[in-house]
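J.: Protein sequence lines, in the order shown, are assigned to chains Z and E. Using the working numbering, the letters of the first sequence correspond one by one to residues 14 to 439. Using the working numbering, the letters of the second sequence correspond one by one to residues -12 to 200.
The set of hints was computed from the structure by calculation and includes no laboratory data. Treat the hints with care, since some could be wrong.
So the derived list for chain E, only partly shown, Cβ under 10 Å to chain Z, looks like this [what the hints assert, rightly or not]:
id, residue
1, Y35
2, G88
3, T90
4, K134
5, T135
6, R152
7, G154
8, Y170
9, Q172
10, D177
11, E182
12, S183
13, Y189
14, R190
Every beta carbon over 12 Å from chain Z, so not counted as near; a handful from chain E, in silico [said to hold, decoys possible]:
id, residue
15, Y54
16, K74
17, Y121
Note that beta-carbon positions come from the ideal geometry of N, C-alpha and C, so glycine has one too.
Listed below, chain by chain, are the residues.
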Amino acid sequence: MKKLLHPLVLAFLACIHVSCNDDCETTRTYRTTVPITFNIEQIRSGISTEAPQDLVNPGKIYVKDNYLFINEIKKGIHIFDNSNPEKPLNISFLKIPGVIDMAVKENTLYADNYIDIVAFDISNPKAIKETGRVKDVFTTGLVDGVSWWYDAQAKTVTDYEIKVVTETVRSNCGQSSITPIYYANDVALKANTPTANQSSGGNGTTTGTGGSMARFTIYDDYLYTVSQSDLLLFNIKTLSNPLQQSKINLGWGIETIFPYKDKLFIGSNTGMYIFDNKNPEKPERLSTFQHARACDPVIVHNDIAYVTLRSGWCGVTPNRLDVVNVSNLSSPTLIKSYDMQNPAGLGIDFPNLFICESQYGLKSFDATSASNISLQQHIEKLDAYDVIPLEGKHLLMVGKDGLYQYDTSNPKNLKQLSVIPVKRDN
Amino acid sequence: MKKTQILLVWGILNVFPSFAQEVKQDFFQKHPFVNITEFGTLLGRSKYETYNYYYRGYYPQPIEPQYQIQNRVNFALQTFNGIYLNKKTAVGLTLGIDSYGPTVLTPISAGIRRNLIQKKKSSSILLGSLDVGYATTWVNEDNTGYKTSGGIVICPTIGYKLPMRNGSAWLINFGYRYQRASYKQERTSDPYWYESNEVRNYRRMVIRFGIEF
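The task is simple: from the sequences and hints, build the whole structure.
T.: If you want it as C-alpha cells, here you go:
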C-alpha cells in the first residue's frame, strides 16, 4: 500500500507543477479614447495653411459669402470656394490644433486653438495669416463627447483621441460577463456625426452663418463665445485684434449660443438662458426657462420655435417635432407636436421647413401654418444629420457620408447640386 | 436456375446473422464490456485583471494591471463505456458533462484504463487512465449575441480501484484536466463596443468517485 502511494504523490506534484490555474485571455475590440498630451508651445506654433485635404471627421460648418468653412474636428478648417454650388472647390486646409468653433466677420476668421482664441486674415485663403490672439481663454472643452483639459501649472493640454483598440487582457473565464467599456472616459453615447444648424445669426453680409450648435457668434462688434461655464465677450472693433471684454458666469453645462433678433439664447444641460442683447457690450439676463431637452436643436422664426426631440443618447424622449410659441419668452406654449422617425437637425427657410431624419433621410415640409405642417418631399437612402438653408433657395445638408447641396426653388422636388464626400477609415 | 438463386440468397440471409451472433458472443466473452461511471469536482484557480484596466483610456500615465485570484470548484460527471482488451487494459468512449460556471461542456473522448499494480487477487488496484477528446456544447446555452465553442480535452488520472465481491468495483481517481474552449461575441451594432473573444484554457485538478461494473 505504501508503494502505491508514491504515484499519487507524483500526480499531485505534477498538478502543482503545471499549476491548476485557469488561463483565459480575452481579445476585445472597442472604440475608446487614447490620451495625448501637448505642451502649450506645440499648440500655439501648430498653425499653418496646407494643401486641400479630404474630409474625415467633419464638425461644425460656417458659411460666409461664397466660402464654406468645414471644421475637421480638432485638426483644422477646410476652406471651400462655393461660388458654384454645383462644383465646390476645395481651396485649402487651415491647420489649427484643437479647433472646434469658428466665426467670420469681413475678412477675419476667429477660431479656437484649444485654450486661445485666434484671429486670422483670410483675404487670401491660400495664405492665411494669424493676426491676433487672446491667450488662456478656455481651460476645458467638449466636442463629439470627448473633453480636453488644460493643466495651467504644467502648461500642457491633455486631449483624447477616439480610436478603435484591439487588445488582449487576462480575463476570468466567463465567471462574470465581459462588460463593454462605456465609461472609459468622457465618451458619451453619441454618434460621431457632424453638427451644424441654421441660425438667424448673421446680421447683414459682414458676418457669416453658423449653426444653433455653435459656441461662437458675432453680433455687432462683439464676438460671443461660450465655454463650459461662462459667456465670454470679445471686442472685435479692431477686427484683427480681439480683446477680451467680460465674462459672465452661467453655471456648468453650457452647450450652445444662438442669437435671435436682439436676444441671445444660450442652451445648457438644464435649461435655456435668454439674454437681452440690446446693449451688445453688456448682455443682460432676461429669464431662464426649462428646455425640453438641452441637446436638441431648436430654431426660431417669427416667434415660433421648432424643436426636435429624439430617442437615443439624449434620453428616452419620443421622436417628434414640437412647435412652440415663444412670443412671450417667459412662458412658451406648445402649439402642436408632430411624429417623426429619428429627427436631428432642422432648418427653416420660411415657409419651408427642412428636417433631417438621420438614417431615414431628409424631409421637406410646408410650415406656412404652424398647426398644420405638411410633408412636401422625403429624400430617402441617405444619412441626414443637419441642414443650413441659405439665401437664394440653397440648402446645405450634412450627413455621415458628406456635405450635400440642394437647390430648393421647388420645395416639393429638391435638386441635388453636389456632394463633398467624407473619407472615413471605418 | 432462378430457384437456386433464390435459395442461395435465402441461405445467406439466414446464415449470416447467426454467424454474426456467434462472433459477437465470442468477442464479448474474450473482451468483457465495462462501464465506469464517475462524478467529481474540478478544482482550480483563476487569475485575472481587475477594474483598474478600465481607466487606461483616461489617465495619460501608464497604469500597471492589477490581478485578482479566485478559487474555482466545478462539477463533473462522466461515463466510460468500453471493453477489456486484456485482463488489465480497457479501452472505450468517455462521455462527460462538465460545468464551468455558466458554461456547460459535453466532452467526448477516447479513453483507456489500465490496472497498473495489484499486489494480490481481490486486493485494491492502482489504476491509471487517460481520456483525450473534444468538448461539444450540446447542452450549453449561450447569452444573446455570444457563442461558446468547445475544444480539446486531455485528462490523465491515477487512482484506486477497490473491487467488490460481485465483480464490480469502487473507484477513486485523482488527476489533471486540461480543457480548451472559447467564448466569442459576435460583432455588435454598438458604436463603442465591437466584439470580444475569450480563449479559455481550463487547467484543473480533478477528483472523481465512481463505480465500475
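J.: For each hint, tell me whether it holds in the structure or not.
T.: Going through the hints against the structure:
1. Taken as an interface hint, Y35/E checks out: its beta carbon lies about 4 Å from the nearest beta carbon of chain Z, inside 10 Å.
2. At a threshold of 10 Å, the smallest CB-CB gap from G88/E to chain Z is about 5 Å, leaving the interface hint in force.
3. Hint status for T90/E: holds, given a least beta-carbon distance of 6 Å to chain Z, under 10 Å.
4. Violation of the interface hint for K134/E is found here, the shortest Cβ-Cβ separation to chain Z being roughly 12 Å, above the 10 Å cut-off.
5. Evaluation of the T135/E hint against chain Z yields a held restraint, the C-beta minimum of about 8 Å falling below 10 Å.
6. Given hint, R152/E at the interface with chain Z, is violated; its Cβ is 20 Å from that chain's nearest Cβ, farther than 10 Å.
7. Taking 10 Å as the C-beta cut-off, the interface hint given for G154/E is violated, the closest approach to chain Z being about 22 Å.
8. The beta carbon of Y170/E comes within 5 Å of a beta carbon in chain Z, closer than 10 Å, and the hint placing it at the interface holds.
9. Hint status for Q172/E: holds, given a least beta-carbon distance of 7 Å to chain Z, under 10 Å.
10. Checking D177/E against chain Z: minimum C-beta separation of about 7 Å stays under 10 Å; hint holds.
11. Using the Cβ-Cβ criterion of 10 Å, the hint placing E182/E at the interface with chain Z is satisfied: the shortest such distance is roughly 5 Å.
12. Hint on S183/E holds. Least Cβ distance to chain Z is approximately 4 Å, under the 10 Å limit.
13. Interface hint status for Y189/E: upheld, as the beta-carbon distance to the closest one in chain Z is roughly 5 Å, under 10 Å.
14. Checking R190/E against chain Z: minimum C-beta separation of about 5 Å stays under 10 Å; hint holds.
15. Listed as outside the interface, Y54/E is inconsistent with that label: its C-beta sits roughly 7 Å from the nearest C-beta of chain Z, within the 12 Å cut-off.
16. Separation of K74/E from chain Z is adequate, the least Cβ-Cβ distance of about 19 Å exceeding the 12 Å criterion.
17. With a least beta-carbon separation of about 19 Å from chain Z, Y121/E lies farther than 12 Å from that chain, consistent with its non-interface assignment.
Figure legend: structure checked against the earlier numbered hints; hints not met, in rising order: 4, 6, 7 and 15.
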